[in-house]
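Quick note, the sequences are listed as chains A and B, same order. Just so we're aligned, residue 1 is where the first sequence starts under my numbering, counting upward by one. Just so we're aligned, residue 1 is where the second sequence starts under my numbering, counting upward by one.
I should point out that these hints are in silico values taken from the structure, not numbers from a laboratory. A couple of the hints might just be wrong.
It does not matter which identical chain is meant; a pair holds if it fits inside one copy or across any two.
[As the list claims (entries may be wrong)] Simulated pairs of lysine-lysine, DSSO-like, Cα-Cα distance not exceeding 27 Å: (1) K132 x K159; (2) K40 x K165; (3) K63 x K165; (4) K29 x K63; (5) K165 x K234; (6) K63 x K6; (7) K234 x K184; (8) K6 x K25; (9) K43 x K165.
Number of protein chains: 2
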Amino acid sequence: MELLSKNICFDGEQRIYQLQSTHLKGLTKFSAYIPPQALKGQKCPALFYLAGLTCTEETFIIKAHAQRLASQLGLILIAPDTSPRGENVAQGDSWDLGQGAGFYLNATQAPWAEHFQMESFITNELYPLVIKALAIQSDAIGIFGHSMGGHGALTLAWKYPNLFKSVSAFAPICAPSDCPWGEKAFSNYLGNDQPEWAQHDATQLLLSKGQLFDEVLIDQGIQDQFYSQLHPEKYQQACDQVGQKLTLRFHEGYDHGYYFIQSFIDDHLQFHALQLTK
Amino acid sequence: MELLSKNICFDGEQRIYQLQSTHLKGLTKFSAYIPPQALKGQKCPALFYLAGLTCTEETFIIKAHAQRLASQLGLILIAPDTSPRGENVAQGDSWDLGQGAGFYLNATQAPWAEHFQMESFITNELYPLVIKALAIQSDAIGIFGHSMGGHGALTLAWKYPNLFKSVSAFAPICAPSDCPWGEKAFSNYLGNDQPEWAQHDATQLLLSKGQLFDEVLIDQGIQDQFYSQLHPEKYQQACDQVGQKLTLRFHEGYDHGYYFIQSFIDDHLQFHALQLTK
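Go ahead and model the full structure; you've got the sequences and the hints to work with.
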């Protein structure tokens, strides 16, 4: 784990690290905001943030405007890249497949399976690594994300409820089995085995595994240009069906981008801080 | 003035406009954050933000994290591009000259003089245009900026005190006549006429024109990688000499970038809001 950059920010440190990943079979980067409390040696709660299509480990730390409140609340923020990258890593025909579009699952199909193992990378490699290297309170870790990363947050939380104590999302892809982005990614990465798809679909995972968290927070812009890909109402129905408490907020005028995310980022940090310090 | 994009942000609107500029002889862009108060028709104070070398009209709105408090305070934020641009606009040999490096002055030398007229563009063209087009309270306009844009803010404030009621800067180039960036820009744009340079040097302008503002706020990182280009101590000495009140804050650990700026942006917005509503 090599420190590539470090910038003081709200008396904490915004860092970018690089590591040689076993699961991704190559170099990968992640960012870590370390609040001042952690710099002084205090163990702090941590949040994993999973970004959307085309993003990198830098998108969140530049565009989401989370450091101010994370500094106040004493939250560590970890943001991985959105896929494996490199010359020897397979690339798709467009920005919604391949590099920048890892979908936070383990691919089983060629040519993707060799490097596209984001689920194992995050849960088996990055997660223990940052607990060991940073001042993280290991029983107080949450996960959130945006769009493809909202899908990632909701699915990883339901697959690994022992790892994540709180979960929220901005404009998540709630039912990837039923939208063009998800169908393209799943058919490429997982093949056409529909029962396998269900293991990586937030709505179907919720229906099969039931209620697992005290509360889930989702924010959704009504003028989201990708609204038809997201299906928040399906996730709401599934929550109602299994008795999972969901706070799903619709926001008039807001779209899919980071001007929307920054407007509600403080609410998400507060939500997680409350859940993680219960 | 054509609206290129509009995103709802903290119940206001983050807009980007394009216009055909008479002074720049070409198309140019600027961004405007319109807080919710202004959207409802209330006249609001406004701030011009001038960005540094290599930046565009988008840098501030993505990286400075100003919208949250601007929304609360009801401040309109205007950020022009940092130079004329285009295929027929002269380019320098490096990122510190030519496109992206307009230095907020009017060039007198070939090949720069034809398009590089940022001083006139901002004060004679953009300023009256936004007052006419947006809900700006025309007697409550301030100016601030970063690095080359800090130089721009301090010099335009002293050249046009009738236009700007408040001024502040992040890591400004305080004495461009005495640093490599400034010497390169001034000799190219203005020629080797040293008395002319003095008209565009914040420290020399202050010494010649004297105290003009109730207070100036400057924030400076002590670990700024470009510290030797900036000379805040010369500006401090000139302020002391002419009796200009200056709050110059040095910050341990902080560098030259936007992680520094975002950490203190709220203080600058509060500073201007207080000055502009006096």
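Taking each numbered hint in turn, which are not upheld by the structure, reported in ascending numerical order? Per hint list: zero violations.
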